[in-house]
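Produce the complete structure using the sequences and hints provided.
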Amino acid sequence: MGLKNINRRGFLKLMGWSGVGATVAGCDMPSTVTLEEGKETVTSYLTPEEYVIPGIGVWYSSTCRQCPAGCGLHGRVREGRILKLEGNPDSPVNLGKLCQMGQSGLQGHYNPDRLRSPKARKGGKLVDITWDEAMDLIDQHVGSSAGLDGARFAWVTDSISGHQAMLIDNVMSALGSKNLFIHEVVNSEVGQAVNREVLGDATPRYLIEKAHTILSIGNDFLGTGDSPVHASTEYAEFRSSPRGVLGVVEPKMSLTGASADLWMAIRPGTEGIFALSVANVLATKHKMSIGMLPQSIQNAIMKRNLNEDARLTGVSGNHVIRVAKWLSSTPGQSIVMAGGTAESQVNGYQNGVAAMALNVMLGNVGKTIVSSHEFPFPQLAHRTGGTGGLLDFVKAIDNGGLDVAFFSGANPVYTAPLALGLKDKLAAIPFKVSFTQFDDETTQLADLVLPILSPMEDWATIVPKVQGEHAVISMQQPVMEPLYKDTRGMGDILLGLLKKRDSATYGGYDSYYAYLNQAIASFPANMAADGKAVTWNDALAKGVIAVKSGEKHLTTKLSDVAVALPEENVEFPLTLLPTPRLGLWDGRHANLPWLQEAPDQISKVVWDSWAEIHPSLAKQLEVETGDAVRITSAQGAIEVKVYVYKGIHPDVIAVPLGQGHKGYGRYADGLGVNPLEILDNVTVENTGELALYSTRVKVEKARNKDTLVMMGDHDVQMGRKMVSTVTPDVFELTGGEA
Amino acid sequence: MLATHLYSAGRASDCGASCSASSLLSSTMLRTAALLVCMLLVFGATETFAAGKKDSLVPNAVPPEGTYDGEDVKQPIEFPHYIHADVNKINCMYCHTYARRSKVAGIPPTGKCMGCHSVIATDKPRIKKLTEYWEKHEPPPWKKVHDVPDFVHFTHEKHLRRFVFDNKGMKVENVSEVCAFCHGEVKKMTVAHKVKPLNMGFCRRCHEANNGPHDCWKCHK
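Residue numbers (our numbering), protein chains in the order written: chain A, 2 to 739; chain B, 25 to 245.
Honestly, the hints are just simulated from the structure, not real lab data. Mixed in with the good hints there might be a few duds.
Claimed, not checked - Restricting the straight-line Cα-Cα distance to at most 25 Å, the calculated cross-link-like pairs of lysine to any residue (SDA-like) are:
id: 1; chain 1: A; residue 1: K40; chain 2: B; residue 2: K167
id: 2; chain 1: B; residue 1: K220; chain 2: B; residue 2: G208
id: 3; chain 1: A; residue 1: K486; chain 2: B; residue 2: K211
id: 4; chain 1: B; residue 1: K245; chain 2: A; residue 2: H75
id: 5; chain 1: A; residue 1: K426; chain 2: A; residue 2: N400
id: 6; chain 1: A; residue 1: K40; chain 2: B; residue 2: D171
id: 7; chain 1: A; residue 1: K40; chain 2: B; residue 2: C119
id: 8; chain 1: B; residue 1: K167; chain 2: A; residue 2: G39
id: 9; chain 1: B; residue 1: K98; chain 2: B; residue 2: D147
id: 10; chain 1: B; residue 1: K160; chain 2: A; residue 2: H75
id: 11; chain 1: B; residue 1: K127; chain 2: B; residue 2: A204
id: 12; chain 1: B; residue 1: K168; chain 2: A; residue 2: M723
id: 13; chain 1: B; residue 1: K168; chain 2: A; residue 2: I57
id: 14; chain 1: B; residue 1: K98; chain 2: A; residue 2: V731
id: 15; chain 1: A; residue 1: K40; chain 2: B; residue 2: V176
id: 16; chain 1: B; residue 1: K136; chain 2: B; residue 2: D110
id: 17; chain 1: B; residue 1: K136; chain 2: B; residue 2: T214
id: 18; chain 1: B; residue 1: K245; chain 2: A; residue 2: R79
id: 19; chain 1: A; residue 1: K486; chain 2: A; residue 2: L127
id: 20; chain 1: B; residue 1: K211; chain 2: A; residue 2: Y46
id: 21; chain 1: B; residue 1: K127; chain 2: B; residue 2: Q99
What follows is the structure, encoded as structure tokens:
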């Protein structure tokens with residue numbers, strides 16, 4: 002059949018064949034990628050290690066630095082590049098698990114916005130300089146001949162531990178300064194103050210896996226607690242047979258609240274009243290003894306009235322009764338955990354004491370709440386802080402001023418409420434140095450910017466915030482060569498500073514690697530958990546060094562509890578909750594696209610801020626999901642789209658932390674709002690901590706509906722019965738325990 | 025011939041398997057399709073012939089069909105494959121040692137080159153250039169010649185197992201014949217030159233002829 006004289010029938014026949022032909026022909030089309038012959042460079046090794054095979058990954062142990070928990074890591078390296086992070090099963094902290102923040106550590110390392118060379122402010126602008134010039138500048142301001150008064154020097158950092166902490170201490174003492182301020186927005190400082198006072202141990206271990214009933218009062222231990230992955234692994238065991246029961250009472254549903262058998266919305270500030278109300282039902286209905294409590298607390302418990310308390314707290318009496326029933330059936334096998342929204346309030350300390358009184362009454366202390374491991378090397382121990390560190394830093398500026406300030410890890414310009422006036426106050430400090438990977442808000446105001454290595458490139462030893470079954474020192478080793486030649490390790494910078502002050506002690510170490518190597522080699526064998534000498538290679542291969550640790554005896558020293566109600570405020574009737582979340586955390590991860598893209602666990606919103614409000618408040622304000630509201634406090638206002646949701650108390654408006662950056666790279670810049678900006682400068686009684694959840698606000702509709710980008714569009718099943726449900730009536734009858 | 029022809033057509037129209045009916049109407053494509061039908065018919069016969077070849081150095085294998093005329097890629101050193109693999113009969117896997125263990129064959133470490141060339145042919149210009157790189161502690165920036173797209177998972181190790189190590193009667197010293205399936209007769213070349221199309225049709229035909237896996241996800245994971 003000639004192709005030129007084709008008839009209709011022939012054409013159709015050919016079309017049938019040509020369909021097949023086109024498919025095969027398609028397979029023979031060269032892809033645009035395969036056309037790139039000779040474009041890509043393939044770099045061979047000079048002399049590879051025997052175990053290195055291109056194309057096959059090698060796993061290295063290290064430690065996660067995405068939050069202060071200090072989980073153990075395994076990193077898969079191929080062709081010299083780190084490709085994947087997983088949990089290290091040998092670390093008793095995370096037992097081989099890793100959260101989404103940990104997984105996203107890669108994106109911090111490969112982030113295109115990483116700073117690549119030192120910069121100094123010249124003529125008002127930050128310009129590139131060399132490391133030698135940078136270190137000379139530091140020497141001019143803090144060197145032996147600079148004549149610096151130690152009281153006029155301050156260092157603001159995030160949580161520190163291990164040998165870096167020791168070197169920072171040594172730098173501080175060399176400079177004659179006591180102004181080391183540790184600042185974390187997501188913290189448990191108030192809880193630690195309560196624990197220290199009542200139990201004599203700031204960080205006791207909560208044996209979640211051994212409990213049968215857990216009552217969380219504002220403590221989001223699965224999401225934003227001290228060690229979320231550790232808590233989650235224990236929680237999995239708690240939920241396995243026999244299944245433990247979890248009750249959560251908080252003003253806004255957290256990740257922990259979403260996992261609860263019974264979730265109760267409470268008016269913020271009344272958590273202490275709720276705890277005493279539960280104690281009252283335990284004492285009166287279940288005849289549990291309260292004789293071990295001081296008389297004043299016994300009186301406070303006995304004078305509670307269930308109906309009156311329900312009116313004050315917003316938690317129904319039936320729920321209080323049900324919680325008391327659970328707790329009474331598992332004496333000594335329950336945990337009452339206060340924290341987060343219950344404790345970071347003006348009366349948060351008292352809320353914490355009331356919750357701890359419940360633990361004492363239930364006999365949990367010494368059974369499910371046990372002593373922390375007494376870490377044998379106090380100079381290396383984990384040191385954390387809260388917002389108190391920030392307030393103390395501001396005080397140090399106010400009381401006579403500072404000449405030099407160093408910033409590492411913390412970004413106070415972003416995390417400080419505007420009411421503190423930090424930005425203006427920083428302008429009065431003549432020399433500010435930022436040790437950082439990114440151009441964050443604090444770095445933008447610095448006079449000297451030192452780009453540091455990412456945790457994937459640097460050496461460190463980390464002592465976890467919450468130790469697991471046994472105490473460990475976790476090793477952080479570089480999993481690949483530095484991406485940028487003009488960046489330096491934090492340990493190397495610290496050593497460099499110390500060498501100038503004390504060359505006799507530190508001059509012999511060529512690098513921080515050499516220093517750590519020597520430190521591990523001299524680790525006393527009798528302090529290792531197995532009594533054997535610790536070798537460098539073993540420590541690196543395993544990722545952790547198990548150390549011997551002592552146990553403390555927990556006390557139960559309760560004196561009094563005064564649960565005052567929050568003051569009424571007619572002008573600002575609502576309470577603002579700037580809620581942290583496992584993702585952007587306190588805003589430090591806003592520049593990691595995976596975490597921006599990961600939907601919030603409750604609202605499912607991505608790449609934005611939102612304000613959660615109760616449907617009744619939405620009705621009152623005449624707004625629906627997507628409309629914008631203006632939230633005004635005595636300090637200022639923010640505008641944000643609302644997400645209408647039942648899992649929140651009607652007197653509360655919750656705006657998540659993390660967005661609202663100005664700068665901080667292409668992924669974070671200009672997204673959403675930062676609720677920390679409009680917080681009142683009020684502190685938690687008995688502590689120097691900022692009361693994060695005590696700011697009163699008013700809310701009004703600002704703009705009409707705009708797109709609020711979220712995964713999924715419904716919080717109902719649209720009749721598809723994906724999850725079996727029962728009506729509230731049936732649930733009430735069975736107590737949810739069917 | 026056919027592959028070369030389709031290659032040019034593909035580059036001009038960028039038309040893949042999902043070509044629209046209207047573009048198929050073009051006379052060039054019609055001719056191509058007709059030619060293809062004929063080729064498909066002939067292909068079966070070729071296959072039978074190849075399988076029945078008695079003098080093949082690779083038993084139990086049907087070499088894939090297809091040719092390609094790749095670009096001349098300029099390399100930092102004009103590496104003479106023929107001197108190593110043909111004249112001196114060095115096994116391909118001596119230098120490309122990772123091929124039998126990994127998905128990639130690997131460019132030999134510079135240290136391996138210097139293992140011999142610190143004493144052999146040290147006066148030759150190419151070796152002098154190599155020594156310069158070695159002394160600078162820099163591997164030569166070789167350019168990649170053979171590549172498949174990122175969405176294709178290809179592994180040398182599995183192919184070598186099928187055609188060499190698990191292939192009864194196959195002698196390891198003849199491995200260059202297996203390499204030549206996809207890379208052509210590199211042992212006759214100086215720097216490698218792409219002479220096989222390495223596209224999906226090429227892979228599929230070989231998998232069909234040699235009973236390789238047919239699941240999409242074997243290559244597109």
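Taking the numbered hints from earlier one at a time, note which ones the structure violates and give those numbers from smallest to largest. Hints 3, 10, 12 and 14 are the ones this structure does not satisfy, whereas the remaining hints hold.
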